[in-house]
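J.: Model the full structure from these sequences, guided by the hints.
Here are the chains, one letter per residue:
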Amino acid sequence: MISQLSWKIGGQQGEGLESTDRIFSNALNREGYYLYGYRHFSSRIKGGHTNNKIRISTKPIRAISDDLDILVAFDQETIDLNAYELRKGGVVIADAKFNPELPEGIDARLFDVPFTAIAEELGTSLMKNMVATGASAAVLGIDVGIVQKVVEEEFSRKGAAVVEKNCQAVARGAQYILDTSEISLDGFKLEPGDGEGRLFVIGNDAIGLGALTAGCRFMPAYPITPASEIMEYLIKRLPNYGGTVIQTEDEIAAVTMAIGANYGGVRALTASAGPGLSLMMEAIGLSGMTETPVVVVDTQRGGPSTGLPTKQEQSDLNAMIYGTHGEIPKIVLAPSTVEECFYDAVEAFNLAEKYQCPVILLIDLQLALGKQTAENLDFNRVKIDRGYLVNNPEPAEEGQLFKRYAVTEDGVSPRVLPGTKNGLHHVTGVEHDEEGRPSENAKNRKNMMDKRLRKLNNIQVTDPIKADAPHDEADLLVVSMNSLGGTIDEARGRLEKDGIKSNHMTIRLVHPFPTALVKEQMDKAKKVVVVENNATGQLRDQIKLHVGQAEKLGSLLKYDGNPFLPAEVYNHCKGLM
Amino acid sequence: MATFKDFRNKVKPNWCPGCGDFSIQAAIQRASANVGLEPEDLAVVSGIGCSGRVSGYINAYGFHGIHGRALPIAQGLKMANRELTVVASGGDGDGFAIGMGHTIHAIRRNINITYIVMDNQIYGLTKGQTSPRSAFGFKTKSTPAGSIESALSPLEMALAAGASFVAQSFSSNLKQLTGLIEEGMKHEGFSFINVFSPCVTFNKINTYDWFKENIVDLDESSDYDPSNRVMAMSKIMETNSLACGLLYRDQARPSYENQVAGFRGEGLAKQDLNLSEDDFNKLVAEFR
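Protein chains in written order, with the numbering used here: chain Z, 1 to 577; chain E, 578 to 865.
These aren't lab readings, by the way, just hints derived from the structure by calculation.
Keep in mind the model is a prediction, meaning the values are calculated, not measured.
Covered by chain E, according to a simulated footprint, are these stretches of chain Z (three or more residues, beta-carbon under 8 Å): (1) 190–199; (2) 207–215; (3) 237–250; (4) 259–270; (5) 407–419.
From the three backbone atoms N, C-alpha and C, an ideal C-beta is built for every residue, glycine too.
T.: This is the structure in C-alpha cells:
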C-alpha cells in the first residue's frame, strides 16, 4: 500500500475527459483522500490533446507532483506526449482499440484494456471514459460502488437508463482489471482514505461563494478563460438571493456597470483575465477618482496580448499595480490558496467600501482552475463592513450639496447612496471639490489628491503576508504569491532533509506593499529567492523597490506556461547553497 | 410635489450662449417634475463632452463618468436600485463613436432607463472635429477635404437593434421634447431619444434655421402609428432620419429587469446582504 500517487487521463478535447476526471476525483474525495488537480487544455472546443492530472494522497498536498504513476490514454498521442513524465515502473493503461505502443527508452509498463470495445458492447463508445474510470478505481483499490454513486448523481438528469448503462461501464472496467491476471498492479493500491469528505473546489468557485457570502448581488462580466467559472457560479445561485449576472458586450461595459451598481449601493464585482483587465484600466481610474468601490478579479494567464490563454503565468502584477493613468489609491490582494480565495473575496468587498477605492483580487490560472482539497470554510469569520455609509444625512446648508468628498483626517469621506433624501451631490471623474463639483483650483486639486491618496496610509488588512518561518536564522527565504506555496513547501521539505534551513513568505497584499513585514522576514535569512511565473521578476522588483537588499535577492522564473514542479524549486535552491 | 425649479441648481453651465444643450437640460427638469419625481428620485448619468456636463447642472443625483460609458454606468445603477429614475445622456460622439457598442447592446437589453443623445453632428469640446453624425462631405478640422464616411442614422440603428422606444426631437421644440422625455421615463424599458442640438460655434451647416427648414414633425401628421415598426422604418428612411416625434414604441415588451428570475421590486441596494448560516452551509456542501 502506498500513501500517494499521481494519475493522469489524456485524449482529444471533447472526449469526455472532464467528466471522467470529475467523477473519479469526486469519488476519491468522498473516500477522504487529499487531492490536487491540474488541467492541461487548449483554447479550442473539440480536438487537440488534453489531459487532466490528479495527485491523490492520504496527507495534505497542495502541488502537482514531479512525475506520474498512472497514465490512462485514449490515444497514442497521449502516450507520446506524456510518457516521459512516468516514473520508473509507472504504468500506462491504454485503450486496446488503437494498438498502443510505448515510445523507446521509457521504463514503464503498458496494459491494453478494451475501453471502446466494452463500451460498444454496452451500447455506445461514448461510455469508454466510464470504463476507464472503473479500471482506474480497480487499480487504486477503490470500491466501485463509491464511483457508481457519483455517476448516479452526475447522470441523474439524463434518466435511469443512462445512469444504469454508465454504472455498468464502470463495473465492467473494474472487473476487466481484476480478471486479467497479467495485469499485476498491487504496487498502486492506496492506503484507505479517512472518509472525511472534505471540500474539493477550484479557486474561481471559492471566489464566487465568497462574493455571495459578502453580500455581492450583481455581477456584470464578459466571458474569458480562466475567469468564466466565477460568473457561471454566480448566475446559478444569485437568483435565489434576488441578484443576477449580466453578460455584457465587453469588459469595459462589465467594469463600468459594476461601478454604476456600486454607486447605486449594491455590492458588485466583475472578473476577467489580462486582456479584459487591460480594457478596464480607464474605468478602474474612474473608480479611484470618484471614490466608488469596485472589486475586480484578475485570473492571470499567459500574456502578453492573447498570449497563452489556458496556461499558468503571473505576469499581470505590474499592470495591476501601475495600470490606469494618473495616481489613485488602489488595493491589490493576492490569495494563495482556495480557502483564501473565499476569505479574500469577502475582504475585498469590505476593503473596497471601507477605503472607497478599486480592489483587484489577483489570482493565477492554477489557483483559478486547479481543483483541490480545501479546509472547511468558517462562516463566523465573515463580517460585512460597509465603511462610512450615511443613511439619513442632515439637510445641507442652503445652496450647498452633501459633502461627499469632505476632506477628512484619514481621507475617507461620508458616502451616501442615490435615492437618499438630503444626500444630493455630484460625482465626476473630473477633479472636483468637496461637493463633487468640477474644480481646477490649484489648492483644491492638491487637497483632493492628498485626501484620496492618504486613505491607504494606514490600511488595515488581515495578514498582508503569510510566513512559514520556523528559523530565526534561515539559510534561505523563499518568496512567492498565489498558487506556488504548495510546490515551494514540498521543495523545502527536501531542503530540510539536506540540512538547509528555509523559510517561506507569501505576499498577500501586493499593493500597497507591506514593506516592514517583508523586511522583517528578509532580515532572518542569508539569501532570498523569489519564485514566480513570469519572465522579468515582477515580484522581486517590488521587493527591490520597497525593501532594497538587492545583493541577497535572487529569482527563479518560469514562463513556459507550466506550473513549477517541486524538483525545479528544490534544485534551484540547493544550487544556491 | 417638486416643480421644475426644484431640479435647478446654482451651477452656471459652461456651454456657449445659444447652445442647444440648454433647452435639453430644461426639458429633463420639466419632464422630471411633470412625472412627479422628487430630486432624490432622479439620477442623471452622463458621458464626456459638452453634453456630458449636464449631470452637474440638474439638481438630482448626478454621475459624470468617462467617455462613451454613460450607458453601462446607468444600467448598473438601475440594476442596483430599480426604484430610481435613471436618465443617461451624452453627445453623438459619446454614444455613436466611442460608446456605440454600449448603445446597441443597451437598446437590445432593454433595461428601464431613458437615454437622451444631444446630437450636434460635430465634436464641440475638442473644438470642431468630425462625428459619426457628420454628413458626407462635411468639412471639419479633422476632415479638411470633407468627410468621406457616410453619416450614421441613429433611428435606423436603434430600430434595427430592437429598440422598444425610439423618439427624436429638436432642442428648439421644448414642448415636444419635454413630452417625449416624460413618455420615455414612463416607458417600461429602454427609451432612446435623439435630440438635434445645434452647435452654434463649430457647426455652421446644421444650424437652427437648417433644422427648422428640414425637420418633418410627426405631431403634425394624424395618420402616423408609432406602434407600427415597418411604418417607423419607412418614415425614418423617407425623411432621411429627420422625422421628429415618437417614432416607435412597443409597450408589450417587458423590460430586462422584469424578466430576470428572482429579481425583486425593491432595489437590490435596499436588500439585506447577509446570508443565513443555513444557506451558507448548503452552498459549502455543494463542494463536497
